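Here is what each chain is made of, one letter per residue.
There are 2 protein chains.
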Amino acid sequence: MSTKTGIDINFELVCPTPLPAKDTILLGHGSGGKLSAELIRDIFLPAFQNPVLARLDDQAIVNVNGQRLAITTDSFVVKPLFFPGGDIGSLAVHGTVNDLAMGGATPLFLSAAFIIEEGFSMDDLRRVVSSLRQAAADAGVQVITGDTKVVEKGKGDGLFINTTGIGLVPEGVELSADRAQPGDKVLLSGSIGDHGIAILAQREGLEFETQIQSDSAALHTLVGEMLGAASNGTRNVTPAIRCMRDPTRGGVSSTLNEIAERSRVGIELEESSLPIHEQVRGACELLGLDPLYVANEGKLIAIVAPDAADAVLQAMRRHPLGLDAQLIGTVKRENPGLVTMRTPLGTTRIVDMLAGDQLPRIC
Amino acid sequence: MSTKTGIDINFELVCPTPLPAKDTILLGHGSGGKLSAELIRDIFLPAFQNPVLARLDDQAIVNVNGQRLAITTDSFVVKPLFFPGGDIGSLAVHGTVNDLAMGGATPLFLSAAFIIEEGFSMDDLRRVVSSLRQAAADAGVQVITGDTKVVEKGKGDGLFINTTGIGLVPEGVELSADRAQPGDKVLLSGSIGDHGIAILAQREGLEFETQIQSDSAALHTLVGEMLGAASNGTRNVTPAIRCMRDPTRGGVSSTLNEIAERSRVGIELEESSLPIHEQVRGACELLGLDPLYVANEGKLIAIVAPDAADAVLQAMRRHPLGLDAQLIGTVKRENPGLVTMRTPLGTTRIVDMLAGDQLPRIC
Numbered sequence: 000m001s002t003k004t005g006i007d008i009n010f011e012l013v014c015p016t017p018l019p020a021k022d023t024i025l026l027g028h029g030s031g032g033k034l035s036a037e038l039i040r041d042i043f044l045p046a047f048q049n050p051v052l053a054r055l056d057d058q059a060i061v062n063v064n065g066q067r068l069a070i071t072t073d074s075f076v077v078k079p080l081f082f083p084g085g086d087i088g089s090l091a092v093h094g095t096v097n098d099l100a101m102g103g104a105t106p107l108f109l110s111a112a113f114i115i116e117e118g119f120s121m122d123d124l125r126r127v128v129s130s131l132r133q134a135a136a137d138a139g140v141q142v143i144t145g146d147t148k149v150v151e152k153g154k155g156d157g158l159f160i161n162t163t164g165i166g167l168v169p170e171g172v173e174l175s176a177d178r179a180q181p182g183d184k185v186l187l188s189g190s191i192g193d194h195g196i197a198i199l200a201q202r203e204g205l206e207f208e209t210q211i212q213s214d215s216a217a218l219h220t221l222v223g224e225m226l227g228a229a230s231n232g233t234r235n236v237t238p239a240i241r242c243m244r245d246p247t248r249g250g251v252s253s254t255l256n257e258i259a260e261r262s263r264v265g266i267e268l269e270e271s272s273l274p275i276h277e278q279v280r281g282a283c284e285l286l287g288l289d290p291l292y293v294a295n296e297g298k299l300i301a302i303v304a305p306d307a308a309d310a311v312l313q314a315m316r317r318h319p320l321g322l323d324a325q326l327i328g329t330v331k332r333e334n335p336g337l338v339t340m341r342t343p344l345g346t347t348r349i350v351d352m353l354a355g356d357q358l359p360r361i362c
Numbered sequence: 000m001s002t003k004t005g006i007d008i009n010f011e012l013v014c015p016t017p018l019p020a021k022d023t024i025l026l027g028h029g030s031g032g033k034l035s036a037e038l039i040r041d042i043f044l045p046a047f048q049n050p051v052l053a054r055l056d057d058q059a060i061v062n063v064n065g066q067r068l069a070i071t072t073d074s075f076v077v078k079p080l081f082f083p084g085g086d087i088g089s090l091a092v093h094g095t096v097n098d099l100a101m102g103g104a105t106p107l108f109l110s111a112a113f114i115i116e117e118g119f120s121m122d123d124l125r126r127v128v129s130s131l132r133q134a135a136a137d138a139g140v141q142v143i144t145g146d147t148k149v150v151e152k153g154k155g156d157g158l159f160i161n162t163t164g165i166g167l168v169p170e171g172v173e174l175s176a177d178r179a180q181p182g183d184k185v186l187l188s189g190s191i192g193d194h195g196i197a198i199l200a201q202r203e204g205l206e207f208e209t210q211i212q213s214d215s216a217a218l219h220t221l222v223g224e225m226l227g228a229a230s231n232g233t234r235n236v237t238p239a240i241r242c243m244r245d246p247t248r249g250g251v252s253s254t255l256n257e258i259a260e261r262s263r264v265g266i267e268l269e270e271s272s273l274p275i276h277e278q279v280r281g282a283c284e285l286l287g288l289d290p291l292y293v294a295n296e297g298k299l300i301a302i303v304a305p306d307a308a309d310a311v312l313q314a315m316r317r318h319p320l321g322l323d324a325q326l327i328g329t330v331k332r333e334n335p336g337l338v339t340m341r342t343p344l345g346t347t348r349i350v351d352m353l354a355g356d357q358l359p360r361i362c
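The listed protein sequences correspond, in order, to chains X and R.
So the first sequence is residues 0 to 362, counted in numbering that gives the first Met the number 0.
So the second sequence is residues 0 to 362, counted in numbering that gives the first Met the number 0.
A few of these clues could be false.
The list cannot tell twin chains apart, which means a pair is met if one copy fits it or any two copies do.
Pairs of lysine-lysine, DSSO-like flavour, derived with a Cα cap of 30 Å [said to hold, decoys possible]:
no.: 1; residue 1: 154; residue 2: 78
no.: 2; residue 1: 78; residue 2: 331
no.: 3; residue 1: 21; residue 2: 78
no.: 4; residue 1: 78; residue 2: 152
no.: 5; residue 1: 331; residue 2: 21
Hints listed in this document are in silico derivations from the structure and should not be mistaken for laboratory results.
Quick caveat, the model's predicted, so the values are computed rather than measured.
Construct the entire structure; sequences and hints are all you get.
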C-alpha cells in the first residue's frame, strides 16, 4: 500500500508476527530485531547507564592508561552445534573476533566459558574445543582464560559457549554507528543469508542441489586492508570510514536500521546490487524468508565517505573474504531513521527492523 | 585406617562417589574438584597451550603495551536464582570481581551476557539486572558491554549469566598458586561453607533456627588492605604475599590442594582454627557434608611469608569482610602436593580434592 510519504510498505515484513505480551521473555527477544532492541532499551540501558555502553556498538572501547581497549562479549547457543561450514567452536571465535574488528580493533585475547549439559558427549566436546582452538590460531588470537559449568540433563541444550574478546584500537580509528553522513556509500563485503540458511537447512533436514555453507569467518584482516586503503598512508582513518558492522542476528536490515537510527539519516538500498547466492535465494523463496533478515557470520557492512568508497571497495575485492563486495546503497538526508530499498521495478519499500522472530538460535 | 605414611586417611572423603565412565560429561565435571581438574588437563589445556593459560590461576594476566591486564571469565548457573544473601545478579559481579582481586588486580570493567529461557519472567529479569547493577556500582566497576540470547522453553533453566572482568595489576604485584614456600602461613578471611549451605537450604527447603545467609561479597577492598599491609610502604608486595584464592566450587580443600600441587609443597591445616558458623556446622552434620568442600563466595585464602603474616592478618581483621580472619595452617616441605589436617584429637588426616559432585550449581 501507498502512504503519504509515497513509499510502498510491505506490511508482512514490518510485522511478520504479532507483538506479544510484555511480561515474559520470548524467543524474539534474542533475535537481534525489534524485541531485542526493546529489551536493551527498557531493561539493560537504564540499569547500566554509562557513556561506553550507551554507544551501543558491537564492542565497548575504553581507555586504560592511554591504551584504547576494545571489549566485546557474545554467548553462542547455535543449534545444531555442527553445521556445513563450521560449528559452535569456530563460530564462537569468529563472532567475537568480528565484533572487535568492527570497531577497527586488532583482536588479541579471548576468554572461553562453557555451559555443558550433563550427558554431553566427551567426543563432541573435544571436537568443538579443537575447532575453537584452530579458529583462534587462524585468527591469531590467544585463548587465555576459561570456565566450565555443568547443568543437569534437561536444563541446558548440549553446549553453550561464551567468548569475550579484547583488542587494541589503533590511533586515529574512530568507528561508530552514529557517524554516517548524507552522501556516504554503503559497502557490503559479499553474499547475504548464507549462515542463517545453512543452519536452517541443517536443522530442518532440507536438501538442496548443492549444500549451502555457512560463511562463518574472521573478518579482521579484511578490515585491516580496508583501514589501510581508507587512510591512504596517513594515520587518520576516521574521516573516510564512518562505521563497520557485521550483519549477524536480524540480518542486513536490522544492522542498517540501527545505523540509520543512531546517525539520524536515511539509507537507500539498491535491490539489484545485493549479492545473494542462487541457492539462498531459492531457499528463502521456498521458506517465505526475506534474505535481508537472515543472519551472516562472515560479512561486513561499511559506511564510507563518498571520495574514499571506490578505494575501499577495491581493497575489499582484493581480499579473499571480499571478492564479491558491492556498493549496495547510499546514505540520505531524507527519511532519517528509515531504511528504504529501490526495487528493480522502480518502486521503493521500507526495510524495517526484524520484528518477532524469524530464525532462532543461529548463533 | 593408618597407612605407611602414618597418616589417617578418611576414605569417604577421598572417594565420596565412584569415579565414572569417561565418555560423557557428568555434573561432577562442573564441581571444581577432581573431575573438573581432569577436564581442564585432558581437554582444555592441550588445546590452548600458552603460558598465560597454563598458569591456571583464577585470572589471566597479560601485558598490553606495558599495562598488566588481568582478565577472568565465569558463567553463573546457580539454582535457585534468588537466595538468602544474594541472587545470580550480585553473584555474577562478586565472583568475577573476586577472581580479578585474587590476582591483586584493581577491577575496572565487566561484560555481562545473559542466556534466557523462553517464558522467563520479565520481572525476575528486572530484579536480577537491578541487583547486578547495584553490586557493580558498590564494587566500583563499570558494565560496559553485554549480550542477550534466548533459548526455547525446556532448553535452558531460567537464566544463565556470564561475566568477564578486566582489571589492572599494579606494579610489584605477582601472585600465583605456584609461589607457596615451606614456612609460609595460610590465612583465611572468615567462616567457611556459608554460601553453599545457604543455596542448598533454599533449594531443598531446609529450615534452620536462623536463616543461613550466603557470604557473597566483593573482596577487592579487603585485598587492597592486605597488599598495603604486606608492602609496608614499599611498592613490592610479592615477597610477602605469595598467592590469594577465593575458595568457591570445591571449597577450601580443593583450593588448598591446587596450591599444594602447583607449588610442590605440603599444607598442614589446624582443624580447631577453622572458623565455621554453628548453623553451617549443624547443617553439614545433618546432611553428611564436609564444610571444607562447601563453596564460599566472599572468603579468601592467602599464603603469606611468615614474617608478614601477622601484619596481613591484623589488616584483614580491621576490614568488615575479614573480622573473623584466622591463621589456619602452615606450608610444609613434607608431603608435597598433599593437604593434611591436624584434628583436635591430635590425629592427622589427608584432605583430598573433591571427587565427584557434592553440591551442583552453587555458582
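Go through the copies and call it for residue 331 and residue 21: within, between, both or neither, with a Cα cutoff of 30 Å.
Classified as neither: same-chain Cα gap 35 Å, cross-chain 60 Å, threshold 30 Å.
Practice task
Evaluate residue 78 and residue 152 at a C-alpha cut-off of 30 Å and name the case that applies: within, between, both or neither.
Solution key: The answer is both: 17 Å in one copy and 14 Å across copies each meet 30 Å.
Within, between, both or neither: how does the pair residue 21, residue 78 come out at a Cα-Cα threshold of 30 Å? both (26 Å within a copy, 25 Å between copies)
- Message: For residue 78 and residue 331, with the copy left unspecified, which applies at a CA distance of at most 30 Å: within, between, both, or neither?
- Response: For residue 78 and residue 331, neither the intra-copy (38 Å) nor the inter-copy (51 Å) Cα distance is at most 30 Å.
**Request:** At 30 Å max between alpha carbons, let me know whether residue 154 reaches residue 78 within a copy, between copies, both or neither.
**Result:** both (15 Å within a copy, 11 Å between copies)
Against the hints set out earlier in the document, violations occur for numbers 2 and 5.
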